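Visitor: The opening position of the sequence shown corresponds to residue 1 in our numbering, with each subsequent residue numbered one higher.
Hints are computed from structural coordinates only; laboratory data are not their basis. If you're wondering where the values come from, they're calculated on a predicted model, not measured in any experiment. Hints are not guaranteed to be accurate.
[Stated by the list, open to error] Straight line, CA to CA, 16 Å or less: simulated EDC-like cross-link-like pairs of lysine to aspartate or glutamate:
#1 LYS92 x ASP52
#2 LYS36 x GLU113
#3 LYS92 x ASP20
[As the list claims (entries may be wrong)] Restraint ranges, calculated between C-beta atoms of paired labels, are given here:
#4 THR14 x ASP37: 32 to 42 Å
#5 TRP90 x HIS26: 16 to 26 Å
#6 GLN9 x PRO104: 32 to 42 Å
#7 LEU35 x SER98: 16 to 26 Å
#8 ARG105 x ARG45: 14 to 24 Å
#9 GLU91 x ARG44: 16 to 26 Å
#10 LYS36 x GLU70: 27 to 37 Å
#11 ASP20 x SER74: 34 to 44 Å
#12 LEU10 x LEU35: 33 to 43 Å
#13 HIS26 x ARG95: 30 to 40 Å
#14 GLN94 x ALA38: 21 to 31 Å
#15 ALA54 x SER110: 30 to 40 Å
Positions of the beta carbon are idealized from the N, C-alpha and C atoms, including for glycine.
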Amino acid sequence: MNWTRELGQLTEETCRTVIDIMEMYHALHVSWTNLKDAAGIDERRVTFLGFDAATEARYLGYVRFMVNVEGRYSHFDAGTHGFNSQTPMWEKYQRMLSVWHACPRQYHLSSNEINQIINA
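Let the hints inform the model, and build the full structure from the sequences given.
Guide: Rendered as structure tokens:
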């Protein structure tokens, strides 16, 4: 794959947003793991799904580049579809980011905050 051509279509701002989304999922999973009582929050809800290959291929390509080429977020599970969520996620992630950014302690989220983010 020609990563330069593929990723050259993404603006720096978009790349930063994709990284921010992945960072939010890192924070969600760390916070979820540290909860004394994670009852009611399924681990799948705090697991990064990726982007839709059909409609969000450029974002998906950037995620795969960061994980497979740069070795970032290597602890993320690509699943059987290699971060292809098979449904558009960009708008959902934007809503989630708004809630996450409003949390005072982004890496020490309460179960209530986690629920607010994943249900945004």
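Visitor: All hints, please: hold or fail.
Guide: So, going through the hints one by one against the coordinates:
{"no.": "1", "hint": "LYS92 x ASP52", "in the structure": "holds (12 Å)"}
{"no.": "2", "hint": "LYS36 x GLU113", "in the structure": "holds (14 Å)"}
{"no.": "3", "hint": "LYS92 x ASP20", "in the structure": "holds (14 Å)"}
{"no.": "4", "hint": "THR14 x ASP37: 32 to 42 Å", "in the structure": "holds (37 Å)"}
{"no.": "5", "hint": "TRP90 x HIS26: 16 to 26 Å", "in the structure": "holds (18 Å)"}
{"no.": "6", "hint": "GLN9 x PRO104: 32 to 42 Å", "in the structure": "holds (36 Å)"}
{"no.": "7", "hint": "LEU35 x SER98: 16 to 26 Å", "in the structure": "holds (22 Å)"}
{"no.": "8", "hint": "ARG105 x ARG45: 14 to 24 Å", "in the structure": "holds (20 Å)"}
{"no.": "9", "hint": "GLU91 x ARG44: 16 to 26 Å", "in the structure": "holds (20 Å)"}
{"no.": "10", "hint": "LYS36 x GLU70: 27 to 37 Å", "in the structure": "holds (34 Å)"}
{"no.": "11", "hint": "ASP20 x SER74: 34 to 44 Å", "in the structure": "violated (18 Å)"}
{"no.": "12", "hint": "LEU10 x LEU35: 33 to 43 Å", "in the structure": "holds (34 Å)"}
{"no.": "13", "hint": "HIS26 x ARG95: 30 to 40 Å", "in the structure": "violated (18 Å)"}
{"no.": "14", "hint": "GLN94 x ALA38: 21 to 31 Å", "in the structure": "holds (25 Å)"}
{"no.": "15", "hint": "ALA54 x SER110: 30 to 40 Å", "in the structure": "holds (36 Å)"}
Consistency note: the structure conflicts with the earlier hints numbered 11 and 13.
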